[in-house]
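Colleague: As a plain string of letters, each chain reads:
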Amino acid sequence: MALERDERSEVDLKDPVSRPLKAYAFDPTQGKALGNYMTVSVRYLPLLRAGPADRYLAVIDYDATNKCYYRPVDLDDPAVLIRSGLDPAETDPQFHQQMVYAVASETIRRFELALGRSIEWSFSRRRRGDPSESGSLRIFPHAMQEANAYYSRDLRALLFGYFPASTTDSGANLPGQMVFTCLSHDIIAHETTHALVDSQRDFFMEPTSPDAPAFHEAFADLVALFQHFSFKEALLAMIQRTGGAIYQSEVAPERQPAMAGGFIQAELSSANPLVQLARQFGEAMGMRKALRAALGTPPNSRMLETVWEPHARGAILVAAVFDAFFTIYVRRTQDLMRIARLGGSTLYDLHPDLSNRLASEAVKTAEHFLNICIRALDYCPPVDIRFGDFLRAMITADSDLVPDDPYGYRIAIIDAFRSRGIVPEGAASFSEESLRWASPEIFDGTSLPTCKGLEFDVFKHDPDLQKEAEKKNGGVLHDYAVANQEALGLSAEEGMKIQARTFHEVHRVRPDGEVLFDFVAELTQHREVPADPQNPDAGTFTFRGGTTLVIDRAGEVRVAIQKRVGAVADDSKNVRLKQQRAYLNDRISSVGMAAYVTDSRLAARLANATIDFKLVHRGY
Amino acid sequence: MAARKVVVRRSRLAAGRRPKPQPNGRTRASADAQLGVGVISIRMYRVGFGDCFLLSLPVNGGERRHILVDCGVHARGDIGSIDRVIDDIAAETKRKLAIVIATHAHQDHISGFGKRADVFSTFEVGEVWLPWTWDPNNPDAVKLQAKHAALAAALNDHFQAANTLTAAGSIAAAAADAVVNLSGNARAIDLLVSGFRVGAKVRFLKAGDSLGDPAGVTGLSVKILGPPQSPEFLAQMDPPAGQHYLRVGAADGDEGTRVEPFAARWKIDTAIGDTMTRLSEADRISLEAAASSPPEELAFALDQARNNESVVALLSYRGKNLLFAGDAQYGNWRWWLDNEKPDLILPEVSFFKVAHHGSVNATPKDALERMTDGGFAAMVSTQGTPWPSIPRVPLMQRLSEKTKQKLVRSDWLPVKGAPTPASGSLPRAPGAPPPGFAQGALWFDCPL
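Same order as they appear, the protein sequences are chains A and B. Residue numbering for the first sequence follows numbering that gives the first Met the number 0, starting at 0 and increasing by one per position. Residue numbering for the second sequence follows numbering that gives the first Met the number 0, starting at 0 and increasing by one per position.
Treat the hints with care, as some may be off.
Unchecked claim - Heads up, simulated SDA-like pairs for lysine to any residue below, C-alpha to C-alpha not over 25 Å straight-line:
1. A/Lys577 with B/Leu367
2. A/Lys231 with A/Gly30
3. B/Lys340 with A/Asp585
4. A/Lys363 with A/Glu111
5. A/Lys66 with B/Ala289
6. B/Lys364 with A/Pro529
7. A/Lys496 with A/Ala482
8. A/Lys363 with A/Arg507
9. A/Lys66 with B/Ala281
10. B/Lys93 with B/Ala116
11. B/Lys142 with A/Thr166
12. A/Lys288 with B/Pro138
13. B/Lys142 with A/Pro174
14. A/Lys613 with A/Met204
15. A/Lys363 with A/Leu112
16. B/Lys146 with A/Ser165
17. B/Lys266 with A/Pro529
18. B/Lys364 with A/Asn573
19. B/Lys142 with A/Gly281
20. B/Lys319 with B/Thr92
21. A/Lys496 with A/Ala566
22. A/Lys288 with B/Ala140
23. B/Lys340 with A/Glu111
24. A/Lys613 with B/Lys364
25. B/Lys205 with B/Pro293
26. A/Lys66 with B/Glu296
27. B/Lys415 with B/Pro138
28. B/Lys364 with A/Ala608
29. A/Lys66 with B/Pro293
30. B/Lys364 with A/Leu303
31. A/Lys471 with A/Ser117
It should be emphasised that the hints constitute simulated quantities derived from the structure, not laboratory data.
The task is simple: from the sequences and hints, build the whole structure.
Modeller: Dropping the structure here:
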């Protein structure tokens, strides 16, 4: 029974910093090996209801196939608290609720740490005026009987399905056993990331090019995979088994078999879980391997021209980032390996101290890379993301923070992207200087006055004062944008209003201790464009453009990332518009329904629809 | 292009009937006498909404060998002509077919085989070509067909039940018609897979196959461009995993396929008290809608999967290349456009059987644009019923431009009670065959 606050002893008990909760590090098929039974230190937040529900998340265990609720867990129950959460159990829905809450909270926390501010969901921002709808992201751990899991902005929720494993080819699962997507650490992190990316750039869910859904998939996979490198036990085990080469997808057996082909488990080589995603799901679908892998695609600069399916295309971006990550890891650990070899150490049977040092390097590098990726979101254009834009965003984000780059992170990233054919538009060459986004002055010589009047006070806690400051900043940005339209790449045409969509302060701490204060703002515009210039019956779609501004404390515009909407008169020459139109027509062509319904209805429906993750994920 | 003599052929109806003079007053002449030696002829029959093409190849010795590509009509697009068409085929080929190609298992391509099985079993058939997805010895194919059959049956039940409530022209009506196409094909499939029970050689074809001199037709070489047999393609063809799709239309909870993931003690029917988050009724309904697929979506997905299993064949004979594209849609085309050498194939095409009755997503733009301007003739077997959006007007216009008007649609043939092309959709006065084509009561001929 909880005691009242004033009945406690004189020790002043503040809220704890973290709440330990048990979860699977990978999924149930790993058993207890490799630290699979892990304890996540979730940031402590007061729980509003059983479920659990806090101000970011609300876990609701409603099963739409069986049309019933499952008993919600009360994580504040002393019996649960004292054990650091319920023990992992596949048959206990309350553990599933706990795991989903723990992993989703951890992913949110990572984003907040990298971005340096609190997350506000995209749907809660849009519905600000409506108090009846809570601003939290709902999670349905057992939403439906389907081999699928997805983020739905309309439902403001993450939906996780469950399904019986294949009876003919179930891999490590029992044939026909119940497989829960909510018990896969990777899948929970992946879906939560979709919601988090949506919270930062909600126009990225509009299908403007094949890169749009592929980027979402790639980013979600990146976050899920980088999380693996924070699992110390698994990392140490893999370092031992691979002699430090943790990027191998197959690890050598514990004992080399005497004759060809091993007999016991210890003699069989196995898969490296660090670089694989959603192993149980893949095996349950009869794929005999994990769903995707970090280095799944070899460097091939022509692949982007032929691969269109979102996951396959996204896998190219994931492979590029991981290529760079492992290259840096190797570089950082070269001195350790040299020392080890001098000391007579062989590739296998690494000394435990050496393993530990290698593990710390891996953890540190993974953290750096994840932070670069997440921070790069701030340096992305407001609409129509392409892989090349993301490359430039990563380079710019890192250059701001770490101007001198002793280990060559940026060169590694550039090389990895280049070898996979990811080409940035608008850059003069593949050098770092050209790839960095620049201010308009450097870019094309137009001079830009400073933006005066922005309130940078980061220490406001009073929500009302904060609201006032936001309103004021919004006004200042809008006026500044209107006054400098041409220079900022915005169109001054009739009727095209500029919206100062989102803006926030950003604070970063450099390695040398210096704190950077910046202001990032997204200005967007849009207009309706015919879907087929020769056929007026085909309807219209929304063509968006805009500029992301990064403004420093003095009001100087340091970076302006432009996606021009262009003038109506120049539509026939607008490359981006033509590409978007072609992609839209492609999408219409590949929909089975397209043949049977008249043009305008379908074009309108598809054009204005956001990416439907349910359908994208159905193709796994 | 040199002016061609317009050839009018006597339609060989059942013995005993005298052919009537044609309305435009031209005299007839026997087909064999008029058709010059070495002229390949492709006959498109007007069956309604469906396909039925008879290919006639001249061989050494003045003889002709015949290839029948599909013979079927959609129940909702039936104009009552298919019986006469089959009689004409019997007469024209003297009941001898070198090859029968059934592109895919849709009613509008194979219903004729089932309906007039008695007639077809009196034929002498050399070979029967089918897509590999019909192969009873291929486990992937068998699994796929079982899934498709179960889904089609469930969808059929659903749409039959909802029949009276469906507004004409709505998406639900379009979906219902797509489901009709999937039903009633068992007899035809059975007949075809057994080789017409006359000992014909049955081939199950996949993309990449090449056939030389098949059925003893020397000089004929065939390249099969679809359907592919890759795992990615198979995944596209597979109806979505998840048992609940098979429960579409079933009464609330068909216990056989729905699974309960947890023991009963964990279940509660409604949210208990204020301690847990409650779903509003509206939210609950939207969640349940999201968790299932609307039957229309499934119907179209299944229809597309079935269309994509079409055999796409490039027949090369005596310097002419004939592309028969079945009902292949985007996924099927995309495979061979990316994996074969379309730049070597498409510009050399002399005849194009327009895919899927001229619908919007069955002829990719980049494929059509690569064909040679004025270098090929095209035929499209189509009509505006049951789907007014088929054929697609801009596609028809572009085809007419590319072929320099060497294009015919089957619904230009006047048949009593049958729909004519909608205005604005390349209509044509009946009775005047376009230059380069010949016309009969129920067919157009394209000599090459």
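Colleague: Run the structure past the numbered hints and jot down the numbers of the failing ones, going up.
Modeller: 17, 23, 24, 25 and 27
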